[in-house]
Each structure stands twice: as C-alpha cells, then as structure tokens.
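Take the given structure of chain A and dock chain B to it, following the hints.
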Amino acid sequence: MSKSGVSLTKSIELPSLERKFMEGRALKSLALTSLTWFAAFLASIPLFSVIYMLLVEGGARLDLEALTELPPAGFELGGGFGNAIVGTLVMVAISTSISVPLGILAAIYLAILEPRSKLAETARFLAKVLTGFPSILAGVFAYATIVIWTGTYSAWAGGVALAVLMLPTVTLAAEEAMKQVPQRMKDAAYGMGCTRTQVIWKVVLPTGLPGILTGVILAVAGAAGESAPLLFTALFSNYYMSELAEPTASLSILIYNFSGMPFENQLELAWAASLVLVLIVLVFNIIARLIGKPKY
Amino acid sequence: MNAPLEDSLFIAEAYQPEGDVVIDCNVKTIHYGDFLAVRDSAVPIEKNRITGFIGPSGCGKSTVLRSLNRMNDLVDGFKFGGHVHYHATDIYKNNIDPVVVRRYIGMVFQQPNPFSMSIYDNVAFGLRLNKYKGDMDERVEKALRGAALWEEVKNKLKNSGLSLSGGQQQRLCIARAIATEPDVLLMDEPCSALDPIATRQVEELMMELKESYTLALVTHNMQQATRVADNTAFFSVDISRGGRTGYLVEMGKTQQLFEQPRESLTKEYLSGQFS
Chain A
51 MSKSGVSLTK SIELPSLERK FMEGRALKSL ALTSLTWFAA FLASIPLFSV IYMLLVEGGA
111 RLDLEALTEL PPAGFELGGG FGNAIVGTLV MVAISTSISV PLGILAAIYL AILEPRSKLA
171 ETARFLAKVL TGFPSILAGV FAYATIVIWT GTYSAWAGGV ALAVLMLPTV TLAAEEAMKQ
231 VPQRMKDAAY GMGCTRTQVI WKVVLPTGLP GILTGVILAV AGAAGESAPL LFTALFSNYY
291 MSELAEPTAS LSILIYNFSG MPFENQLELA WAASLVLVLI VLVFNIIARL IGKPKY
Chain B
8 MNAPLEDSLF IAEAYQPEGD VVIDCNVKTI HYGDFLAVRD SAVPIEKNRI TGFIGPSGCG
68 KSTVLRSLNR MNDLVDGFKF GGHVHYHATD IYKNNIDPVV VRRYIGMVFQ QPNPFSMSIY
128 DNVAFGLRLN KYKGDMDERV EKALRGAALW EEVKNKLKNS GLSLSGGQQQ RLCIARAIAT
188 EPDVLLMDEP CSALDPIATR QVEELMMELK ESYTLALVTH NMQQATRVAD NTAFFSVDIS
248 RGGRTGYLVE MGKTQQLFEQ PRESLTKEYL SGQFS
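Those protein sequences? They're chains A and B, same order as listed. Each position in the first sequence, counted from 1, maps to that position plus 50 in our numbering. Each position in the second sequence, counted from 1, maps to that position plus 7 in our numbering.
Wrong hints could be hidden among the right ones.
[To be verified] Straight-line alpha carbon distances no greater than 27 Å define the calculated DSSO-like cross-link-like pairs of lysine-lysine that follow: (1) A:Lys252 x B:Lys165; (2) B:Lys163 x A:Lys252; (3) A:Lys252 x B:Lys149; (4) B:Lys138 x A:Lys252; (5) B:Lys161 x A:Lys343; (6) A:Lys343 x A:Lys252; (7) A:Lys252 x B:Lys161; (8) A:Lys229 x A:Lys343.
Worth flagging that the hints you see were computed from the coordinates, not collected in a lab.
Chain A extracted, bound-state conformation:
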C-alpha cells in the first residue's frame, strides 16, 4: 500500500492507447463522415437556391399593389394577385374543413377502435396508396362529381379536389400520432372510470395533438401549392370572388399562367406570387407549432 492508500497494479505490456489518425479504420471513418457532410451539403443546395431566387426575384415586386390589385392583362403594367391569395386561402379552408374532421375521425377508428379489422386494414392500405395519388386525378374526380353536377367551375370543386389529396396525409399522420400515446396512459384513464369516448377525447386527442397538427400542416402546405387539381375544378378568374360557386383564382394557377407569358411584368408577378405562397405556408406552420406545442 502506498501512502495515499491506493495501490497500483504492476504495469503490464499495453498497446499504445493514443489516437492514431493514419490508421486504416480512422481513415475510413473520416472518409465516411466527410461523405455524409458532402451529401447533406449537396441536398441543401437546391433548397437554398430556390429560397434565394424567391427572395431576390419575388421580393422585388412584393408590395401592397401586388397583394391587393387584380391580375393585369397582356401589355398592362402594374397589377397584382389579391384575388388569387383570397382564392387560395378560401379553397384551402374548404379542403381543410372537409379533410381534417374526416381524417381525424377515420384515424380514431384506425388507431383505437378497430385497429385490426378488415375495414381498417383496407382503409389504411388505400390511404397509403392515395398519398401517392397523381394530383391531377383528384381534379378529375372533383370535375366528374362536383363540376359536372353543378354545371360550373367553382371554389367548392377546387376545395373538394384538394380535400381528396389532404385526406390520406391527415388520416395517416393522425393515426400515427394517436398510436404514439402510451397504452399505460389510456389504461390510467380507463382505470379512473372513463368511457372509451372520454379516453379518446380527454387523453388521446390532447396528447396526440402536436403530431396531428404536424400532419395537418403538411397536408395544407401540399394542398396550397397544388395546381393540377385546380386546373379544371376552380379554373381561374381575373376578379375577386363573390361567391363559392364560381370560377376562382388561386396562386398556384396564377403562377402557372404567368410564368409562361412573354411579358416582364407578369413574370415578376409570378415570382412575387411564389414568394407569397411560400410565406403563407410558413405562417401556417408557425401557427400550428404554437398551438400544438406540447404544454406538458
């Protein structure tokens, strides 16, 4: 025993414990790490360049006039896309108010009521297939049902087409979020004497809310940017909408129309409209995060 009370074992032959950089496995590790850095960098180039272009090109024309005026015709100068902003917001609101309640109720069935029934298996499979559904077919569906039935292009038809696209995303995300609620939390609620409805309403939905909202926002963001389903459902209009049952302008169709025109003014407006579309999605995202932030 030494004086300090610690007795060291006799030293044995140890291989060197220092870090060696030129060793094979260290080099391999370095190479792979660099590769992932490079891949991450490469993947972010398109994203950042799109945002950069939007800010530079779109920011130039982004003013009150662009946000409120009606689209210019041919050689006109000035103008804006106020009606398209309103149209997009209205149609997204319609599709959200159709797809969110329906999607959440379906998710409750899939996640809690009968997760393994035939109906649930089928519905889940179809929802997954629908997430890869070509969006133009949603437009065809709404055209065949609403447009032909009512005899006019309308915000309704556009909203329904978008709802068809949003529904599977909302349903699957909400199902996943509700499945994440631990069984023991549900057991606790049952043990307190909750009915199944109360367990879902007081425990599962509040606890799963952040995940559900994430799914809703993803769906909204996707729907707001869709143009194909609106081509022959809402069509377009050069005026502010006065009712839901008439052809309605939308940002995505305006961008589509204007970006193909040979006029400088229209091209600039298309850029500005793109920036506005991205900002709208961003604002939705922030709002949803604020509402859905886990409180506890």
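Quick look at chain B alone, frame taken from chain A:
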C-alpha cells in the same frame, strides 16, 4: 382447454375472513381466448386491510387483481367465470357498467402513468370526470397530502406531471386515484419501477391509506408483502399439463402464511427454492 376440469386438481382451502369483506372474489376460470389463465381462486378482500398477492411470474396474480375492477374487459378474448361480489353486487352481471365499477374501485399501475397535463390537472382529472361541484383546490390538496406529495409539489402545481421523478410520479398517480375517494384501491406492483427510497415512501403511504380505504396489492417482492400486507394470497402456476394456468395455493394472514405455511409449495417458494 375448454374441457371440464378434472376433479383431482388442487384447490386451495378457503380463507375464512374475520372482518367485513368488501370484495368477495371467487374465480372459477379466467380465459383469454382459448387460453385458461387462472382457475379456482377465492380471494376475499377485507375492509381497511391490505391484501397482498404474491407468486411467481405468470401465476395470474395480476390477472385476478385486474378482474376486480373489470380492467381485463379491455383485453380481447377475456372471459370470466365465477363471481366477484362488490358489497352486495356481482360486478360481472350483465347489467353492470364496468365504467362505473372503476370509479369505485380505483387502480394504481406498475409503471407510473401520469397524463401529460399539469400536476393539478392530473389530480383533478377524476373529479372533473365525475362533475365534482365543490371546492376543487381543496380536494386536490387533500389528495396530494393523502399521497404524501403535497409538500414537494405545492409550489409547482402548474408544472407537468411528467416532470416529476419516478417515485413522485407514482405518488401522483396514487393522489389521482384517491382524489375521487374510491372505496377500494387496487395496486399492481406499484413499486416495481421505483428505487428503494421511493418504495419505502409508497409503502408508508399504503399503511396510512388503509385507515380509510381497502387495498389489494400485487407484489413481486416478498419482503414488501411481509412489511405491508395484512393478508396474503399465494398463487402458483401449473405447467404440468402443457398449459400455464395460475391458481391460488394458499391464502391466510401474512404472518401465518410466512411462518407456518400449510402447503409445502408455499414453503418452497417462500424459502427461495423456486421463483
């Protein structure tokens, strides 16, 4: 497995309760689908006492406990044969609503399971569920004091229930369970996820709770049974005929059971010859 049971099967000698019996549980068979999980177990739960359930894994002690407030109804394929008389009512009669049963017979689980709500809302949950009209603050404080948690949380009632330590979470769950002043409290290995200090606190709490409530406790820890249980029921599992069927071996006063077990199987288990 649905074949009638043979006559030669061991059936435990009935325990003769001395005091009032709150729950007269007499299991004939408990099936999950075709699987016979528990057979022939009569476990009377006496008022203001702690009844401990011990036995090796898979012996059905938790299954029997969860049958006492119909928590097992949530499991697919659960079938109960026999009777559970809660006071004068058989809770397995067709016209009984299991949801109402669970409001009188509360439960504390193995894993602490607070809701992701504030501490206050966790305790108030059952009161709100029952549309309690009186002074909510007072009842929440009373429940938290009852669960020996008040001093630790009184200044942070708005904090998340999930921010507490494991032992505090379990006491929060006990507070949540006693806030509605149930008649009986079922505890399914409430200390198995807790460290020794938290375990001791929960055990002391159980001793206080039995003054006002009736408790049934499943435990894996035999020392815990000797420390807190007044009566103890020992279950074992029969694997001789291919199945894994749990059954009651012996029930008695804890001291009698541990010091002079009637059955040799009990003796072997208590002396650590199998587990």
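Structure-based check of all given hints:
With a C-alpha separation of about 18 Å, the suggested pairing of A:Lys252 with B:Lys165 holds against the 27 Å cut-off. Using a Cα cut-off of 27 Å, the hinted pair B:Lys163 and A:Lys252 holds, with the two alpha carbons roughly 22 Å apart. In summary, the hint linking A:Lys252 to B:Lys149 is supported, as the alpha carbons are separated by about 23 Å, within the 27 Å threshold. For the hint linking B:Lys138 to A:Lys252, the alpha-carbon distance of about 14 Å falls within 27 Å, and the restraint holds.
Only pairs whose Cα atoms come within 27 Å are accepted, and B:Lys161 paired with A:Lys343 is accepted, the gap being roughly 25 Å. At roughly 17 Å between alpha-carbon atoms, A:Lys343 and A:Lys252 fall within 27 Å of each other, so this suggested pair holds. Proximity of A:Lys252 to B:Lys161 is assessed by CA-CA distance (about 24 Å); at most 27 Å being required, the pair is judged to hold. This hinted pair checks out: A:Lys229 and A:Lys343 have alpha carbons roughly 18 Å apart, not beyond 27 Å.
Going down the numbered hints, you'll see the structure goes against none, and every one checks out.
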